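J.: Given next are the chains, with one letter for each unit.
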Amino acid sequence: MASAEHSIAQSRAKPPARPRRAAALISGGLDSMLAARVMQEQGIEVEGVNFYTGFCVEGHTHAIRKRDRATPKRNNALWVAEQLGIPLHIIDVSSEYKDIVLNPKHGYGQHLNPCLDCKIFMVDRTRVWGLMDDGRFDFIVTGEVVGQRPKSQRADAMPVIATESGADDRLLRPLSAHHLSPTLPEREGWVDRDRLYGFHGRNRKPQMELAARFGLTDYAQPAGGCCFLTNEVYSAKLADLWQARGERDYELDDIVLLKVGRHLRPRPHFKLIIGREEGENRFLRGYAKRFASLHTTSHEGPLTLIDGEADDADLHLAARIVARYSQGRDAERVTVQVSHRDGRVDEYAVRPLSPTEVPRDWTVGARLA
Amino acid sequence: METLDARGLLCPLPVIRTQDRMRDLAAGMTLEVLATDPGVLEDIPAWCRVHGHEVVSSEEDDDVVRVVVRKMHQPGANEEER
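Residue numbers (the numbering used here), protein chains in the order written: chain A, 15 to 383; chain B, 2 to 83.
Hints in this document: simulated from the structure, not taken from any laboratory.
Note that this is a predicted model, so its numbers are computed, not measured.
There could be a bad hint or two in this list.
[Claimed, not checked] Examples of chain B residues lying across from chain A (beta carbon under 8 Å, computed):
| id | residue |
| --- | --- |
| 1 | P13 |
| 2 | Q20 |
| 3 | W48 |
| 4 | R50 |
| 5 | H52 |
[As the list claims (entries may be wrong)] Just a sample of chain B residues kept apart from chain A, beta carbon distances all over 12 Å, derived:
| id | residue |
| --- | --- |
| 6 | L11 |
| 7 | A28 |
| 8 | E60 |
Don't be surprised by glycine CBs; every beta carbon is placed ideally from N, CA and C.
Required output: the full structure, derived from the provided sequences and hints.
T.: This is the structure in structure tokens:
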């Protein structure tokens, strides 16, 4: 009997409560860091998820430009993970992200930034990765703050993200929870709603105070967010690429190259990408087999790629432009070597263009800069 | 020792490729990562620290960065790498 009673008692006992687990979207900025930290404070096991879209400001240009090498570089998402003591899973979504950039259901923000579709996509990917595949996580956490961004963080966008991502009430925004309906983790008591926050709008002071309370003093505050698509000049370069090619499409190399060098379009059918310093020249050299390239041989000068098809007259003009950006800019003649993709090499001895012969509107995005 | 050639890739791609290759390694195995982005000298050690793996060596020579990492454990119940 005793063993039977024991068995009944065992079956009635609640299973031991396991720690609840949250997958937190970590951008590398302060808000997502705080959101994850607030969850840790409530005993939630947190792991970070970070998405690589190809448009991430992280690293890229800093890594390329030699003159930036002296300043310490770090991946801010990894830095945040380290500060919080959580694993960080970095997921390459650059291929599938193209559809978000080219066909945003909710349209673009101020530039070519599809912020609302992007957020829905990232929450959905986190849901599939962390909630659906094997149910390793109980809910998803983001650092969204109601009213902080004009499109993706409007109050009426918050439920749209939850619904369209499929995360529904398993999507918790700890920093703005008091402005939103209680989510499953709150209703189930996994987290204490009273210890969540009601941050709102663009004022950063509450976040900075919360960071201070957690003893977090070193965090990134990128002015334009962590995505190049929110950058006006970058978006203009992308729009120029689409216009020149006659189609809205891109490869990963295209969008990386938009971050590098001086982009001049002297004619509609070709563009020059001119290295601005040694680090960029070195980086562009890696593309020299896929593009025709120019470099000055009589003087020190930049490495330049030609994106598009250029005939002899175009190449002559390109050589004069490249000479203008070389050490021979004041010389009578500068020799420029053109290396074609098929291995042919031509040489042009040219007079460098003067500054007044380089119209401002050749510089892609110049009217905006 | 296996080698991952991440030359020509910009961060965080070398880190992502390292993460993906490490998933398939047995605990105790080492992976040599070759890269041209000097950012890996910071990022791969940071990734190793948050995941509990070891950086055996790192060096930069002729614009090529070489980092050797050792997988310290298989994913546990609380850390299931994917």
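J.: Decide, hint by hint, whether the structure agrees.
T.: Here's how the hints hold up against the structure:
1. P13: holds, 6 Å
2. Q20: holds, 6 Å
3. W48: holds, 6 Å
4. R50: Because about 6 Å separates R50 of chain B from the closest Cβ in chain A, which is inside the 8 Å limit, the hint holds.
5. H52: holds, 6 Å
6. L11: Given that some Cβ of chain A is not farther than 12 Å from that of L11 of chain B, nearest at about 5 Å, it is violated.
7. A28: The claim stands: A28 of chain B keeps its Cβ more than 12 Å from every Cβ of chain A (closest is about 16 Å).
8. E60: Check passes; 16 Å lies beyond 12 Å.
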